[in-house]
Amino acid sequence: MSQIPIPEDQHFRPRLIGYDPARSRPWLERTVYSAYVFVFWAIVVGTYAGVPALFEALGWDVGWGFVLMRAVQVVLLFLLSAVIALLLILVLRKYLGKVQERYGPMHYGPAGGIQTIFDALKLLAKEDFVPAAADVLTFRLAPAITFVASFAMFAVIPFATGWVLADTNVALIYLIAVSTLSAYGVLLGGVSSGNKWALIGALRAGAQMVSYEIPMALVFLTVAVWTGSLSLGGIVDAQMGLWNVIPLALPFVLYVIASLAELKHIPFDFPEAESELIAGYNVEYSGMSFAFFFLAEFVELFLLPALIVILFFGGWHGLLFGLEPGSLAAGALESLYFTLKTAVWVWIFLWIRATLPRYRDDQLMEFAWKAMIPLALFGLVLAAYLRLIWR
Amino acid sequence: MSTMSLEPMPGRTDEMIVNMGPQHPATHGVLRVVLGLEGERITRAVPHIGYLHRNHEKIEEARTYPMVIAYTDRMDYVSGTQNELPFVLAVEDMLGIEVPDRAKKIRTMFFELYRLASHLVWMGTAMLDLGAISPFLYTFWDREIILGIVEKTAGARMLPNYYTFGGVRRDVHPDFFKDVAAFLDHMERRMVDYEHLVLESPVVHARTKGVGVLSRERAIARGVSGPVLRASGVAYDVRKAFPYDAYPDVEFEIPTSPDGDTYARFWVRFQEMYQSIRILRQLVEITPKTGPHKGKAPARIKPPAGERYRAVENSRGELGVLVVSDGSDKPYRVKHRGAAFSNLQIVPDLFVGAKFSDAIAILASLDPVFGEIDR
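Protein chains in written order, with this note's numbering: chain R, 1 to 391; chain H, 1 to 375.
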């Protein structure tokens, strides 16, 4: 076994090793993804200012015309929720890529900008498979329940002064009711799949729901006590002088934790936990049934940060540069502030997702029942007391 | 026994029998564990192996001695040359081949580089099992550098087939020592980040402390070795107990922990990575830059009739091989003693009574590699 001398240049064929951020063209990325925020904002302005203005010009803003206007707005909101889902999936993939020293989507559209269109088309083209062991009706119904429940939360979310579908005075109670309903979809979907992993995922979802919903409801109550209103518009108006995050710092922290649990987001993603339950409750779903679970998850990934902004960060409040509140220009500017504040919170949630491992499911329950509920009650009493002596 | 090998208990409806694996993402390949679950608590656990069985030992009986080395690589495929060493040492002993000092040091450097690579893979996959996706990508970049260094010299990345009787197959690349020194600088910076991400993370503490406790007595009785044994407080390391190659020339410590839980196993592997960096730093200094890389070995390897057992401390524990020779140019029998195989024996002990999520963390802390377990 004599050694064959190998010339040095043939000895090693250098390959491209390592991550070079410059190759992903960061300025193009920033431009494209900022432009997407404005697309989102434009749809919001169109829905809440454009459509009413159009109907008013046509003289259809009373009676059945009003119903038609609301219907058009709901359709536009459905479009908005689809845009949110497509956008957030793309942002999630791109952001995880950045955190993990890789590029993320790069090839379809500028800086990978239309990658999710293809993701959605793939899901549309896939067979919608129903396992033989599944309970077909429940199995089919579950994604619809989850999506509709998430989508229904849009009804009370104000994007600017008066820019809301239903400025009801029970908005917070409505939110509690509707967000609980979305957990039912997960529960039913997992139980009806006829799969043991899905069953465990569904049971975990149920256990998780009863743990985080109570502190969440207590935090809503605290905000209502402090601001004196159950309407989201009223809550935002009450924060004119001081954002709630300062007097209600403790409920704010509890609400962020409960939101992570409601989102089934790392560190509380027990119902899906891909390294434990493979995909958990949605393991048997494919095609558009799966896409609706996915859509609901990403709509919530927008709505829960939006609620953080509404409840604790002054909603749409920001510098108006002398514009009169209630005018179209002021509304457009306010909704832009709201969008940007929400985007910051979405980013924080994604950051948490990229960094942390997962807790164990019983640890969340223990934490929720032994720490979060007492602290939420303490926060409630403190807020009531502060309100008595302060205001 | 049925194929499930776990029958439902008569009269009990509260126990669910689930099949974890062989396609489960957290089983590090193809382990199948049939679990009895009572809610989230595991009542029974029966592991099944053999889905990656490739008949290594029998194939090796039909190959000549130099050909066997290439097969040993395929056992523990994340730690490359570490698998070749016990067989090479055993045959060298039987033939009385002298290994030059420089060749020993080069072998040890590759051995420790692969220990770092293997522990990096462990760290990434263990964190993936705990739900953190990012460390997996970080550790794989670092491993990529190690594999690049190995490729420059040995020509292959994961299965280099580099050791041979009497030394190594070819001299190291001229850049080798420079590359290793640069990598160690990089690795020391990265270890700070890994400490933050893994060892100091409160979520990791919550998931691993007090979980899957393996007592010292049980660890010895079950024959586990390597980091799993040292995390139970037994300071047994083949590198110190039966030194081979250049280990007598370098200073290092055996990190042990008295706790025996999953966190202790994480911690011990982390400390081993620091020790590997320390060993490599010393070897970069003391290894002669030029000199023989291979001693005199006969052209036809025909060990005299007899048998020899040699063991090394690979990334998972004691990797041994028993070579039986009948005087021909093919081994009569080759028996591998796999560390991951022995470590997997404690799975039923640790799983029963644990929560299902704990089982995932426990399995991650054992760091099984199924190429070596199934062979």
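Derived by calculation from the structure, the hints in this document are not laboratory data.
Please note that the accuracy of each hint is not assured.
Pairs of lysine-lysine, DSBU-like flavour, derived with a Cα cap of 30 Å [claimed, not checked]:
no., chain 1, residue 1, chain 2, residue 2
1, R, Lys196, R, Lys126
2, H, Lys355, H, Lys58
3, H, Lys302, R, Lys370
4, H, Lys104, H, Lys209
5, R, Lys196, R, Lys122
6, H, Lys355, R, Lys196
7, H, Lys240, H, Lys178
8, R, Lys370, H, Lys240
9, H, Lys302, H, Lys104
10, H, Lys152, H, Lys296
11, R, Lys196, H, Lys296
12, H, Lys104, H, Lys355
Quick rundown of the hints versus the structure:
{"no.": "1", "hint": "Lys196/R with Lys126/R", "verdict": "holds (24 Å)"}
{"no.": "2", "hint": "Lys355/H with Lys58/H", "verdict": "violated (39 Å)"}
{"no.": "3", "hint": "Lys302/H with Lys370/R", "verdict": "violated (71 Å)"}
{"no.": "4", "hint": "Lys104/H with Lys209/H", "verdict": "violated (39 Å)"}
{"no.": "5", "hint": "Lys196/R with Lys122/R", "verdict": "holds (27 Å)"}
{"no.": "6", "hint": "Lys355/H with Lys196/R", "verdict": "holds (16 Å)"}
{"no.": "7", "hint": "Lys240/H with Lys178/H", "verdict": "holds (28 Å)"}
{"no.": "8", "hint": "Lys370/R with Lys240/H", "verdict": "violated (49 Å)"}
{"no.": "9", "hint": "Lys302/H with Lys104/H", "verdict": "holds (22 Å)"}
{"no.": "10", "hint": "Lys152/H with Lys296/H", "verdict": "holds (25 Å)"}
{"no.": "11", "hint": "Lys196/R with Lys296/H", "verdict": "violated (61 Å)"}
{"no.": "12", "hint": "Lys104/H with Lys355/H", "verdict": "violated (46 Å)"}
Hints 2, 3, 4, 8, 11, 12 from the earlier list are contradicted by this structure; the remaining hints agree with it.
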